[in-house]
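Novice: Each chain sits in its own coordinate frame; assemble them with the hints.
For the protein sequence lines, the chains are A and B, in the order given.
With my numbering applied, the first sequence covers 1 to 510.
With my numbering applied, the second sequence covers 1001 to 1150.
Hint data in this document are derived by calculation from the structure and do not stem from the laboratory.
Where a beta carbon is used, it is the ideal one built from N, C-alpha and C, also for glycine.
No false leads were slipped in.
Now the in silico label distances, taken between C-beta atoms and shown as ranges:
{"hint": "1", "chain 1": "A", "residue 1": "Phe316", "chain 2": "B", "residue 2": "Gly1092", "range": "55 to 61 Å"}
{"hint": "2", "chain 1": "B", "residue 1": "Val1012", "chain 2": "A", "residue 2": "Gly78", "range": "45 to 51 Å"}
{"hint": "3", "chain 1": "B", "residue 1": "Ser1034", "chain 2": "A", "residue 2": "Ala180", "range": "36 to 42 Å"}
{"hint": "4", "chain 1": "B", "residue 1": "Arg1141", "chain 2": "A", "residue 2": "Leu47", "range": "30 to 36 Å"}
{"hint": "5", "chain 1": "A", "residue 1": "Leu40", "chain 2": "B", "residue 2": "Phe1069", "range": "16 to 22 Å"}
{"hint": "6", "chain 1": "B", "residue 1": "Gly1092", "chain 2": "A", "residue 2": "Ser170", "range": "42 to 48 Å"}
{"hint": "7", "chain 1": "B", "residue 1": "Gly1057", "chain 2": "A", "residue 2": "Arg174", "range": "32 to 38 Å"}
{"hint": "8", "chain 1": "A", "residue 1": "Asp319", "chain 2": "B", "residue 2": "Lys1014", "range": "52 to 58 Å"}
{"hint": "9", "chain 1": "A", "residue 1": "Gly377", "chain 2": "B", "residue 2": "His1006", "range": "48 to 54 Å"}
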Amino acid sequence: MIELISSLVPADIAAHAPALLVVGPMLLAPIAAFMPNGRLAWILSILATGFALVMAMVLVSQVRSVEGGAVLSYAMGGWAPDAGIEFRIDALNSMVLLLVSVIGFLAAIFSWPSVVAEIRDAKRAMFYAAYLVCFTGLCGVASTGDAFNLFVFLEISSIATYVLVALGASRDRRALPAAANYLLMGTIGASFFVVGVGFLYAATGTLNMAELAVRLQEMQGNKAVLAGYAFIFVGLGIKAAMFPLHQWLPNAYAYSPSFVTMFLAATATKVAIYALVRFLFTVFGLEFAFEGSTLIWILMPMGIAAMIACSFQAVFQTDVRRTLAYSSVAQVGYMLLGISIGTTAGVSAGMFHLVNHALIKGALFMALAGMVLSYQGTSLNDLKGLGRSAPWTMTAFAIGAVSLIGVPLTAGFQSKFALVNALFEHGWWWAVAVVMFSSLLAVVYMGRILEAVFFRAPSNPNKRRKEAPMLILIPLWVLAIANLWVGVQGGFVAGLAEDAAMSLFIGDVS
Amino acid sequence: MKGDHHVILRVVAKVLIPIIALYGFYVQFHGEYSPGGGFQAGVILAVSVILYSLIFGIAPAMRAITPGFARFIAGLGFVTYIGVGVWALAMGGNFLDYDALFREPPGGHNGQHVGIIVIELGVLFAVAGSMVSIFYAFAGRVSEIRDEDW
Chain A
1 MIELISSLVP ADIAAHAPAL LVVGPMLLAP IAAFMPNGRL AWILSILATG
51 FALVMAMVLV SQVRSVEGGA VLSYAMGGWA PDAGIEFRID ALNSMVLLLV
101 SVIGFLAAIF SWPSVVAEIR DAKRAMFYAA YLVCFTGLCG VASTGDAFNL
151 FVFLEISSIA TYVLVALGAS RDRRALPAAA NYLLMGTIGA SFFVVGVGFL
201 YAATGTLNMA ELAVRLQEMQ GNKAVLAGYA FIFVGLGIKA AMFPLHQWLP
251 NAYAYSPSFV TMFLAATATK VAIYALVRFL FTVFGLEFAF EGSTLIWILM
301 PMGIAAMIAC SFQAVFQTDV RRTLAYSSVA QVGYMLLGIS IGTTAGVSAG
351 MFHLVNHALI KGALFMALAG MVLSYQGTSL NDLKGLGRSA PWTMTAFAIG
401 AVSLIGVPLT AGFQSKFALV NALFEHGWWW AVAVVMFSSL LAVVYMGRIL
451 EAVFFRAPSN PNKRRKEAPM LILIPLWVLA IANLWVGVQG GFVAGLAEDA
501 AMSLFIGDVS
Chain B
1001 MKGDHHVILR VVAKVLIPII ALYGFYVQFH GEYSPGGGFQ AGVILAVSVI
1051 LYSLIFGIAP AMRAITPGFA RFIAGLGFVT YIGVGVWALA MGGNFLDYDA
1101 LFREPPGGHN GQHVGIIVIE LGVLFAVAGS MVSIFYAFAG RVSEIRDEDW
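For reference, chain B alone in the conformation it holds in the complex (with noise of 0.2 Å):
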């Protein structure tokens, strides 16, 4: 591999791209002990993609993790919020009330635990789908005049 300047970039991206995203993971499911959550894992999660397209060349990443994907996630991610609300709602408590999840007795706390979890991937979703599309939509941007024509 002669005069490939960014073999040293290559391979630590090359090991380091699964480890931020199993930090991404970390975050997110430590998240409910420590600092940390859906928002940001979902930013750590994007981040490997967008460093992966970096090093690799937007087409590659694009082949990946297709526009459609991220959308996709960042829209399942959305639904799934709300429809913890709607499935509080048809348990009939309120809006995003956790603690009608299961119709518990008072003192149960198991809907406080899955209601926030299952938010908290919905986050994930949500902003790791949209941070990756909104990178997407900037670095995949064909310019409408060509070079030539300036």
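This is chain A alone, in the form it adopts within the complex (with noise of 0.2 Å):
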């Protein structure tokens, strides 16, 4: 299909894809502001985030072109790479442009009940302006070659965050103080990131990840990019939420706007992820001495800690967003996990859970958007007997939560078992305890919780038949079924996570 879709674009506009893909939302989003009413910007973000959509789609097309993947520059205003900025896409770019455009497009789609909702008419117009450069930013972090430029998009996209948090304060005011956190430890770790790329720019005297590479491979040991290399992984490990650096969080997904929940879920971490992930393997690269120690005395330790602690925490949780959301920081200890493997199996793996993890996050966040549409509340009282007044939303919900859970036939099991399979096997076979461990305390948070929708009776005998409007079911649908669909033939996703896994390590002797 996406070869179909991507024959269908002139071959003009498809050699200027990756720009494409960034400028058109980014140029909707201030003509979104200026719309006089809610629904025109509505439409607007349809559109852009459906081109770019087609953009990505182009984009994996073009790069699945080529054995093992080619990789595609895009030269920025004409300069050559090195002095100008360079937009680079390789498997592993085009498979997370992929996902954000799918999720954002899905997102947009679903978000106009939700947003008459919760957000006052005034301010209709700026809200679907805040996502769309949100969704500028975050595409803008997935295809620039430029270690600076990832910085301003990483900044365009969280300042857009912050705002879209905050305005979940008219629905429930403790959003002001979640924004106002997340404002604060997002700052701290772009600072950090920014930082971390003026080390290594005084040590090497480039911005370009490519150039860059190749001239840290001559600079082993040399302090100044050690630092560099510190600073850049704390910072995105913030902006990741990395095990002890997410206490921003759980509160943020938990009071913001139930559309913004839901695409911060599936794509905001993703993208940082993305991001730790280029740096570790492309910029950085095994050979470095540091980074073999950091792999596994920081980020796996910290991925298995994410893992339990933050599956302990979703179990005591009684608010159901908070409980995805802890469970969100546990998945992103899977991720973590894979990486720190350092193999191209693992890392695969890692980016394989990455995408279904958006799939099945993207499917429960939704669907808890179409219960608070219908009943407010999000408390697990609130849900009982669900299943009953709301059966299609509530099926939905289901198959995310066994996707998440990771029961076979669904993407959540496919993604755990390459994990498993590369931890084995490279020997770490106690993981895979811990792997099953935690996916067992997944049965006890979201089986609490689907008991509570299909086996209690509702506490409040009014909950009839309230279905979440079509706008809503259709996009969950679509997700849920994605996971059935990854589950069941999970081989284009996991085509891609192997081939984006096998782009970092080109190269590599080992």
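Specialist: Written as structure tokens, this is what we have:
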């Protein structure tokens, strides 16, 4: 299907796809802000994200047209890379771009009923503008090949995100401290990142990632480079909600507007993880003396700690959104564990889980958004008996839930299986036990929710047949079916993830 | 005007504000030959509005430059900037490739000239509009709890 759609795009446009993917939403964002009412802005945001989705498809098919994955380089402003800013798309970028734009498109479609319920009329056009800016930033991070440009896009997306989170205040005032907290943590993360990039620039004299990778190889043991590495690692760790740095995440997810939660949960941390992987494996590379020990002594323990500690925290939450938020941090742990193995299989499993987790959390939060629309609250009590009053919404929710647990025939199973395989291959059999234990905890926390939904009598008998509107149900089921499709026939996504991992290790001797 | 403590402030501000605004435009248009450009010029222009509202109050400032207008200017600047990039795309160059703007033969530099001036104009609008909007957002904020209710 991707080949078909991308073959319909004229060659002139396809040649500029790397730039257009980011420029399209960026141009429509201020125009959406001028729209007299929210509905027009909503339509614009669907157009913008849909356009980005088509461009992402073009990029994926261009990258996959060459065996082993092509590398597309786009010189901004006609300035050749190294001097100018380069957009560099390889298998890893194109996968992340496809993920972000699919989720962005579905999120844009489903957003309207939820936004009408939660955002004041006068703010809706600006809200969609902020959404498009955030989307632009995420796409920019995932396409740029310039370290400083990555920082700029990271800030673009983050600043828009703070605004989006704060707009949850009309539903729940606690969104304001959550947004302020996120703002502080996010700014610290971004500052660390830019300080690190500064160190690298001072040491090497270039900001282009590919060029950095070449020059850094000759600078083993340079103290400035080591400091830069540490700063970048911690900075991106905050953005990616790496275990001890995740404190901003649960509140930001729990109190922002439901639509924003869904979009952020499925994309924002994923893009930060992409950036982390990009720096770990492309810019620094495994030969970098410091890195092997970081993977084993920091990334792996933190991943495992997240998988256990945050799963436990998820078990004890009464608010369903907080349960899912803590579960998100735990799932980030799986990805980090996969990445920390440092082999193609491991990184590929991590990337595979990244995509699947986006599909899972997207579906879960979308179903919750539909529920919030009908019944307000998101505590476990509010969910009682919804299996009978909103069967379609809740069945999709259940599919997401079993996928999160990792039941066979779902996406979650496929990527956990890949992760376990990679762990065995590397000889970390004890980590397999941890993965199993953490999945067991997922059974507990998702089981509590499913039990309340399907087997409890509703606490409020007025809750009769209040299905989510069609605009929510259709994207929701697209995601739910995607979960099953990847679970039954995971070849396509697994192939993307594997190509992505391969592209990172090209040129490596190991 | 007995009891007016701010007469010096007001008189000096009235003299200064036009000069500040003019200096903003100087920085903008001279940015081509000397340090300066859209960002600095935008900040200086916004400062003239902010100074006006500090001296004469936020309400008259908001009447002169309405919050909606400030936001519009900010967005317009953004669109101008990207518009140049899209213009270059439409002419067959890469995004923001000024050389492609007029499809000049090699050696022609009109595109570079016009491109950077329009871009800087966009930056001027965007920065001035955003600065004023941010100031209005803070200064014009009505407290949600009335002072008597504390």
